[in-house]
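Colleague: Please build the complete structure, drawing on both the sequences and the hints.
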Amino acid sequence: MTTRVRFAPSPTGYLHIGSARTALFNYLFAKNTGGKFLVRVEDTDLQRSTEESLASILDGLKWLGFAPDEEIVFQSDNAEKHRQTALKLLEEGKAYRDFTPKEDRSDKNIKQDIADKARKQGDKKDMRDNPFRDLSKEESDKRAEAGEPFAIRLKVAETGKTSFEDAVYGEQERDYADIEDLVLLRSDGHPLYNLAVVCDDIEMDITHVIRGQDHLTNTHKQILIYEALGKEKPTFAHLPLILAPGGKKLSKRIHGEIVSMTTYRDAGFIADAFRNFLALLGWSAGEEQEIYSLDELVEKFSLDRINQSNATFNFDANNERRWTDDKAIWMNAEYIRTMNLDELIPLVREELRNEKLWREEYDDNEKDWFESTVDLIRERFYTLKDFSGQGRAF
RNA sequence: GACCGGUUCGUCUAGGGGUCUAGGACACCGCCCUUUCACGGCGGCAACACGGGUUCAAAUCCCGUACCGGUUACCA
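7 is the number of the first residue of the first sequence in the numbering used here; add one for each residue after it.
Bear in mind the hints are in silico, worked out from the structure with no lab data behind them. Mixed in with the good hints, there may be bad ones.
[What the hints assert, rightly or not] Calculated cross-link-like contacts (lysine-lysine; reagent style DSSO-like; alpha-carbon spacing at most 30 Å): (1) Lys87 - Lys148; (2) Lys68 - Lys333; (3) Lys131 - Lys108; (4) Lys333 - Lys306.
The structure presented is a predicted model; accordingly, all values stated were derived computationally and were not measured.
Modeller: Printed below as a string of C-alpha cells:
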C-alpha cells in the first residue's frame, strides 16, 4: 500500500511557522515512504476564510518546495457529501437531531468563556444529558418537518473508550464519558470540522494523519466517526507544538510577524536553510550532523524519531539582532557561506534587483568580478538582505 | 475544574537500566589566526523538575507531587 498524507491548512491566516513544520514532516514522510503528499484546504468556516490567506499559504509552501502530488482539494467542494454522511448516520440511529436553539457566542473571548463554563461544571458534567438524545424518531421527524431548526449530533455510547496507537506518543485512550455528543452538522446545514475531516480523509485514501498535538482530543472524536461509519482509521501521528519564549503559545496577535513564513522569506532567508532549521525542531536523526539537504532529510526521516515535548522558538522582539531564533540565523549564514556559488548568485541577483541595486554588467562583462566579490563577502553575512545592505560598499 | 500530553545546559537536542565525572549544535566568554571585521581552529561556562520506590546499579522503569502545554464551540 502506498502511503498518502495530507497537509490541511485552513485559510484563515498566513502560513504559520508551526503549520510549515507540519507540512514539512508530512512531505518528508510521504517522500521517505515513496508515497504522496497532498494538500487539502479546510475552508468550511466561510466567514473567516479568505483568498489572501489561501494565496499566502500556497506561496509559503511553494517557497519551501512542497509541491502537492495531486490537485489541491477544497473541503467546501465536498460539503454536500459531508451533509449526506451526517444524514446517513441520523438515518441509522447513530446520530440524532438536537433542537436546542443555537447559542450566540461572542467571538471575543470565546476560549476563555468555554474554559470558565467548563470549570464551573467541574467533573459533574454528564456528556449524555442532552434531552433530545433519546427523543423518539417520530417526534424528531415531526419537529423537523415542522421546520424547527436542528443540529445533528453523533450519539456517543454510554460506556467504552476510544483508543489508538499514536506513531509519536504511543498508546492513547479516552473514555466515552469524557467526549460530548459532538455536532456533525450545524443547524444552518453546514458540516463541522471533525465530520468534514473524516469524510475527506476517507475519500482521499489518507493512510497517515500527521498533525499538531493540539488535535489529540479531536482524534478521539474522529475515531468515533470512523467507527460509526464502519471505516478503518488511518495511522495517526501527533507532533509536539512550537511555543514562544516562556513556553507560551505562538500567536499572531501577540507575537506578530515572527510567526509568519513570509517574514523569513522577506528577511532574506534561504528556503533550504529555513527548512533545515524547521526539520530539527522536534525531530533529529540521532546523530551529530545538523546540516541536511532536502534529499538527506527525506532519506533519514522517520516518525519514531519525532520527540514528544514542545519546542520553544526563541526570539527577542526588543533586540534587533535577536529578532528571530539564533540558530535559524546561524543556519542561514551557514548556508550562505557554504552553498554552491551557482545557487547563491541567482538569489543575490534577485535581492539586488528588488532593492534596485542590480546592474546588468554583473551578468555580463563584470560577471567574474561580481561572482568573486559575492564569494568573498558572503562569509560574513547572515541573510540575503546583507548583500543589499552591507554589500553596498562593494 | 475535568480529560490528555510533556519536563535533560539559556535555546534546539542525543541518550531509553551499567559505556553518563550526561554527548553535539546555537548563543555567550577566552585564546590562536587575521592590519580590522568575519570565517576557521582550540578551550571554557552551562542541564537529567522534586520526592518516594524497584534494582547490585536509575537521566533511563514504577508511583506521587510540582510546573508547563493542549483540549473542553452549532471555530478549524
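Colleague: It remains to establish, for every hint, whether it holds in the given structure.
Modeller: Here is what the structure says about each hint:
1. Lys87 - Lys148: With a Cα-Cα distance of about 25 Å, the restraint between Lys87 and Lys148 holds, given a limit of 30 Å.
2. Lys68 - Lys333: The given pair, whose Cα atoms are some 23 Å apart, holds under the 30 Å limit.
3. Lys131 - Lys108: holds, 20 Å
4. Lys333 - Lys306: Distance of about 21 Å is within 30 Å: holds.
The structure agrees with every numbered hint stated previously.
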